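Participant: Here is what each chain is made of, one letter per residue.
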Amino acid sequence: MNAPNELAAVAGSARRVPTYCYQCVAGPDLLTVKVVDGIATEVEPNFCAAGIHPGHGKVCVKAYGLVQKTYHPNRVSSPMKRTNPRKGRHEDPGFVPISWDEALSIVADKLNAIRAQGLLDESGYPRVAASFGGAGTPQAYMGTFPAFLAAFGPMDMGFGSGQGVKCYHSEHLYGEYWHRAFIVAPDTPRTEYIISCGMNIEASGGVAGVARHADARIRGLKRVQVEPHLSVTGACSAEWIPIRPKTDAAFLFALMHVMLAAPRERLDIAFLAGHTASPYLVGPHGYFLRDPASRKPLLHDTRSGAAAPFDAPGATPALEGRYEADAIEIGPDDEVLAQGRLQGTTAFTLYAEHMAQYTPEWAQGVCEVPAATIRRIANEYLDHARVGETIVVDGVTLPFRPVAVTLGKTVNNGWGGYECVWARTMLAALVGALEVPGGTIGTTVRLNRTYNDRHKSVKAGLDGFMDYPLNPTDKARWKPKPNIRNAYRTMVPLAADGPWSQALGPTHFSWMFLDETPKGLPRVTLPDLWIVYRTNPAISFWDTPGLQEKMARFPFVVAFAFTRDETNHYADILLPEAGDLESLQLIRIGGTKYVEQFWDHAGFALRQPVVAPEGDVRDFTDIATELARRCGLTDKYVDAINRGIACVPLKVAGHDFSLPANQSPSCEAVWDAVCKAASAEVSEGREVHGLDWWREHGTMTHPYSQVEWFLYPTLERMNLRFELPYQERLQRVGAELGRRLHEHDMRWWDTQLLEYRALPEWHDFPGLWDEALRDAGAEPSDYPLWLLTARSMQYAWGGNMAMQLMKEVADNVTGHRGVIVNASTARRLGIEDGDEIELSVPHRTTRGRAVVREGIRPDTLLAIGQFEHWVTPFAKDIGNASLNSLAAMSLKLTDSTGSGCDVVRVRLARAGAKS
Amino acid sequence: MTRWAMVADLRRCVGCQTCTAACRHANATPPGVQWRRVLDVEVGEFPDVKRVFLPVGCQHCDEPPCLDVCPTTATRKRDDGIVTVDYDLCLGCGYCAVACPYQARHRTPRAVFAYGGAPAKHEAKRHDPARIAVATKCTFCVERIDSGTAQGLTPGVDPEATPACVNSCLSGALAFGDLDDPGSNVSQLLRENRHFRMHAELGTGPGFYYLWDKALPEAAQ
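Those protein sequence lines, which keep their order, are chains A and B. By the numbering used here, the letter at position 482 of the first sequence is numbered 563, and the numbering carries on one by one without gaps. By the numbering used here, the letter at position 30 of the second sequence is numbered 14, and the numbering carries on one by one without gaps.
Hints are computed from structural coordinates only; laboratory data are not their basis. Mixed in with the good hints, there may be bad ones.
[Stated by the list, open to error] Straight-line alpha carbon distances no greater than 35 angstroms define the calculated DSBU-like cross-link-like pairs of lysine-lysine that follow:
{"no.": "1", "chain 1": "B", "residue 1": "LYS109", "chain 2": "A", "residue 2": "LYS115"}
{"no.": "2", "chain 1": "A", "residue 1": "LYS540", "chain 2": "A", "residue 2": "LYS562"}
{"no.": "3", "chain 1": "A", "residue 1": "LYS973", "chain 2": "A", "residue 2": "LYS556"}
{"no.": "4", "chain 1": "A", "residue 1": "LYS957", "chain 2": "B", "residue 2": "LYS198"}
{"no.": "5", "chain 1": "A", "residue 1": "LYS115", "chain 2": "B", "residue 2": "LYS105"}
{"no.": "6", "chain 1": "A", "residue 1": "LYS303", "chain 2": "B", "residue 2": "LYS198"}
{"no.": "7", "chain 1": "A", "residue 1": "LYS973", "chain 2": "A", "residue 2": "LYS168"}
{"no.": "8", "chain 1": "B", "residue 1": "LYS109", "chain 2": "B", "residue 2": "LYS61"}
{"no.": "9", "chain 1": "A", "residue 1": "LYS560", "chain 2": "A", "residue 2": "LYS600"}
{"no.": "10", "chain 1": "A", "residue 1": "LYS115", "chain 2": "B", "residue 2": "LYS61"}
{"no.": "11", "chain 1": "A", "residue 1": "LYS540", "chain 2": "A", "residue 2": "LYS560"}
{"no.": "12", "chain 1": "A", "residue 1": "LYS162", "chain 2": "A", "residue 2": "LYS717"}
{"no.": "13", "chain 1": "A", "residue 1": "LYS162", "chain 2": "B", "residue 2": "LYS61"}
{"no.": "14", "chain 1": "A", "residue 1": "LYS957", "chain 2": "B", "residue 2": "LYS34"}
{"no.": "15", "chain 1": "A", "residue 1": "LYS191", "chain 2": "A", "residue 2": "LYS957"}
{"no.": "16", "chain 1": "A", "residue 1": "LYS562", "chain 2": "A", "residue 2": "LYS600"}
{"no.": "17", "chain 1": "B", "residue 1": "LYS34", "chain 2": "A", "residue 2": "LYS303"}
{"no.": "18", "chain 1": "B", "residue 1": "LYS109", "chain 2": "A", "residue 2": "LYS162"}
{"no.": "19", "chain 1": "A", "residue 1": "LYS717", "chain 2": "A", "residue 2": "LYS562"}
{"no.": "20", "chain 1": "A", "residue 1": "LYS537", "chain 2": "A", "residue 2": "LYS732"}
{"no.": "21", "chain 1": "A", "residue 1": "LYS560", "chain 2": "A", "residue 2": "LYS537"}
{"no.": "22", "chain 1": "A", "residue 1": "LYS600", "chain 2": "A", "residue 2": "LYS973"}
{"no.": "23", "chain 1": "B", "residue 1": "LYS109", "chain 2": "A", "residue 2": "LYS957"}
Since the structure is predicted, the reported quantities are computational estimates derived from the model, not experimental observations.
Just chain B, same shape as in the assembly:
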């Protein structure tokens, strides 16, 4: 089996938003729709303050709350863990956006372009009417994964098969790979580092892990 997952190393992330921009390019999302973005979080009080950058987006959960509430079965989960939206089935009801604890769902009621009015050439070229008034979200760049694996490439290793945000990440904070493969880069990172999953207490089983420190010696064995 394969379980695709994303890993974000919080020690590396600098909050530059290059992943945000790369995702906007790769997926041609409209202005303001950021399937991948980085939160800029501050904790503490002056002068004891910490500032952390936290990449977020769809967590491709094992038990996606968005799936259960979808009245049309537009939202599904593939065997490899990727949660998908079938735009032909989606009504745009927004239940999924309410149910998602990660604020990862977006809905654009009408076509929006960077400078209002008419689309620029590149926007016109890539505008997809099927995405209007339906739920959209990070797909883990599923087309790249499927096309890459069909060519014998390895997602997370070969750029052509890897999500755009991971390819673009300047600091190497983002990694992608197969959790079920103990030799994959993500499996190795999770073995070697302490990590958490966001809102894990909700039982969603996110496929998105955050590294925050080296593993304790005994845990890394």
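Chain A extracted, bound-state conformation:
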């Protein structure tokens, strides 16, 4: 157990207060805030936490904005209500201050009226909707509000804010499907070779990511960065390969081609045969051959020379070849496609034959990476794979495969995302580098339970694979009527149906379908009440002008507000919650989670009021408690807290800290009970510490073995196989989904259904953008440049665009002052560094400044971050162009998982005067 002591008090009336920053998905960071005479003055790392934190206890640059955030002159400092009933970008909302009592009465009255009317509207959609910022980090700031949401009943969490469709979407869904990897990472401390397609880990990996990769570089890691522009990560890599946008699948396929052409002993045959479905026999219709009695998939046992069920004791499966077997082949909807003496081909053979077409020479023509480079990289990957070697981790001997492949945003989502994440996972499987030390591993689960332990989320399923909570597609159980507006349960089987699933559906559908709901779905309606917290979709989604026009139609919007912004411009009530340094909450830390968060410890950290609140703001827990009381939901609300929705169940390890359900608890009473339960959990019941102890110490953890970082031992223990390479189940699911949709005369998803292929194929993914332009009545050659975006470490997820310090330091990083343009392209168009430029798509134009650089392809432009604010104080004067205002919400550019990607074809011209 590790409980860092509070840092020594500093001179005079100054003290240092431990707390956390979880503004982005690569947190949390543990920090201290120096407080002088009651005023927060400095953020510092919590040096006492250096021993438990994977980033040596350091604190991300974003956390240094928290002091300015606390004392920001434009904070919303009291509840406000709108006085102008007309909503629109050019309408002044006429916000006036009101009391908390009036604000909460207005909100509670609306909620109670909705409850009286019925929680679902005439289309069957929840009348109340809520949008929170990306990646679940707002939950680290909203106190017990999730308990209020749970007590209230159905809400539509599927409007999103850009997350869900602009995130690592295919990686989330397929990653979790194949290896419980909602997010994928290298085993950075041990890996020796990384192929990184667009993964900008030095900008998006947070403190842990930066520290782990820096240590690895000094150790000798070679990382090859494959992306159209030379990112921060490319700068820190051994090699930069400027690939053509959206062609990464071709590059990755060609790598596999080279590896499959190499002598087989260079691959991990034992892993493929024993721990994947490679030896499963595939029948003439493309589905597994199965034992007629047990219906288990068959493989060919080389010892007996006959087919055997996949789990036959003592069987030695043939990895490759074609064999006959007495079998049954079962297709969609349990249809028997064939039975009797059938010829089967091993999945691996089909895979190898399928990849034969994707030569490096072919790929060169697609992705513009020289064939020789592709061959060299494939062979370097094999050279570093150490097939056959083992390593001892915490006393456990495990395979050691120090090679990994990582994918970034726009590579691992939207069209081509499936192909890329499949190729990435297969590149690992080919050398046995999946979920083992040194290899490609997952960090967390969000669609499978339990969230806090990906190993416990592994349940045995059919066919020797892990179970996965696919939304059913069989005739009896498929749900033609969605539960929320984005229709994830109806359209996206892989999105599952848990608390996170709503935000992982096609969230843009909620907005798109407001204008025209496609055939077969109940008419998409406006929610009667929309709650917004820590998100600004009017800036962070696509088609932001169109989205704002729709927001103006929302009848009642409740926005928790730090400052005025472009989304709460349309709000009816603004509720200012106590800020990051002013409020109270306990969260889990450690274990493995999200981006590069691999800890040797696990436990909890407290966020506490460092200073007194500025203005008439309230702790989120107090707001939630009061809303529950006014809605007559206190008993359900407290029950949800007691059950653990606020971090940890209050009944734990021989202790019961449950709150009485018949009264509204104070904020301090809630977190005191949570703190006691958490300390009891960490210490297995030996220690109980209340809020006062946690205020002093900040964190409490126990050791967490690195063996837990790897899923392979769990699958091996449970005798389960990775569901690779052949996607028989997804092929079946796609076929069934197609039938269900067609039975309801829904044919607008037919293109997406084509993605459900057992063996992913290359399609002309870049060509989809040509088609989209033609559909818009434009000539593709008139919009020749690819506009991409990239994450800004200084801004991403932080909601900190109003912080002067963030802009000041971000401006030191190339691309934060404008759009990056290749120097030769700029010369050709008469553009000089700093010139005002115009970016156009059909029917829309935006402006920014040119940042002329060599480190970007001539056909590519890069607009870092998300800008074009027009309300948010300070941010509205920055003047940077944003991809979001040009990107369309497009069904054509939506893949089968319901995601798109941040890619826009544009025309570039100089505008205005020379700088």
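Based on these hints, arrange chain B on the given structure of chain A.
Facilitator: Positioned in the frame of chain A, the structure of chain B alone reads:
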């Protein structure tokens, strides 16, 4: 003797500017005044391009050009190598800013706050009128060093005695220590790695070293 020096490992630095922000916090410098910052440098032509992040600031030179031109002796060099500015003596003439080849000197003619107008609470708390219209620059967080060493702490090892930028550095690129101590972290880093000093040809003797690769085997002996 002691010679305090900074080491920046260019293989580690990711240009995140956390050191820049931490320095702004620790030293309460006004908006735009970055005693520590990281340059984002590009060399070559597409597709043969390299991008490098280069932490810069006062190099605490052995022969500081800023010292020689100072008409009031406000700029001095301590025995431990730290170059200081006495705000009471400084006229704000700006000669030092012109003389410094590292663009490390700043001068703020009037009080400036993050959002214009009045200072926010934290700014008001830390505003120091003595720094208006005088030359300012990185001090290697000399107060921390002096206070730390007085307590028996080791700069570069103990956070309370170490410059804020080093404490904050996410990638471990920045290190600080005593060059005259062969066992110090910076001495060890310089032995084990190839390095350079910026504009060393000018004879300034910077106390700021940049690592760029492992030392050749014979050099590391």
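Participant: Work down the list of hints and note, for each, if the structure agrees.
Facilitator: Now for the hints, and whether the structure bears them out:
1. B:LYS109 <-> A:LYS115: holds (12 angstroms)
2. A:LYS540 <-> A:LYS562: holds (29 angstroms)
3. A:LYS973 <-> A:LYS556: At roughly 27 angstroms apart (the allowed maximum being 35 angstroms), A:LYS556 and A:LYS973 satisfy the hint.
4. A:LYS957 <-> B:LYS198: Outside the cut-off at roughly 46 angstroms; violated.
5. A:LYS115 <-> B:LYS105: holds (14 angstroms)
6. A:LYS303 <-> B:LYS198: holds (15 angstroms)
7. A:LYS973 <-> A:LYS168: holds (31 angstroms)
8. B:LYS109 <-> B:LYS61: Roughly 30 angstroms between the alpha carbons, so the hint for B:LYS109 and B:LYS61 holds.
9. A:LYS560 <-> A:LYS600: With Cα atoms ~15 angstroms apart, A:LYS560 and A:LYS600 stay inside 35 angstroms; holds.
10. A:LYS115 <-> B:LYS61: Distance of about 30 angstroms is within 35 angstroms: holds.
11. A:LYS540 <-> A:LYS560: With Cα atoms ~24 angstroms apart, A:LYS540 and A:LYS560 stay inside 35 angstroms; holds.
12. A:LYS162 <-> A:LYS717: holds (29 angstroms)
13. A:LYS162 <-> B:LYS61: Given pair A:LYS162, B:LYS61 is violated - Cα atoms ~60 angstroms apart, limit 35 angstroms.
14. A:LYS957 <-> B:LYS34: Holds - the C-alpha atoms of B:LYS34 and A:LYS957 are around 33 angstroms apart, at most 35 angstroms.
15. A:LYS191 <-> A:LYS957: Holds. A:LYS191 to A:LYS957 sits at ~32 angstroms (cutoff 35 angstroms).
16. A:LYS562 <-> A:LYS600: Given pair A:LYS562, A:LYS600 holds - Cα atoms ~12 angstroms apart, limit 35 angstroms.
17. B:LYS34 <-> A:LYS303: holds (16 angstroms)
18. B:LYS109 <-> A:LYS162: holds (33 angstroms)
19. A:LYS717 <-> A:LYS562: holds (28 angstroms)
20. A:LYS537 <-> A:LYS732: It holds: about 20 angstroms lies between the C-alpha atoms, which stays within 35 angstroms.
21. A:LYS560 <-> A:LYS537: With Cα atoms ~28 angstroms apart, A:LYS560 and A:LYS537 stay inside 35 angstroms; holds.
22. A:LYS600 <-> A:LYS973: Roughly 16 angstroms between the alpha carbons, so the hint for A:LYS600 and A:LYS973 holds.
23. B:LYS109 <-> A:LYS957: Given pair B:LYS109, A:LYS957 holds - Cα atoms ~28 angstroms apart, limit 35 angstroms.
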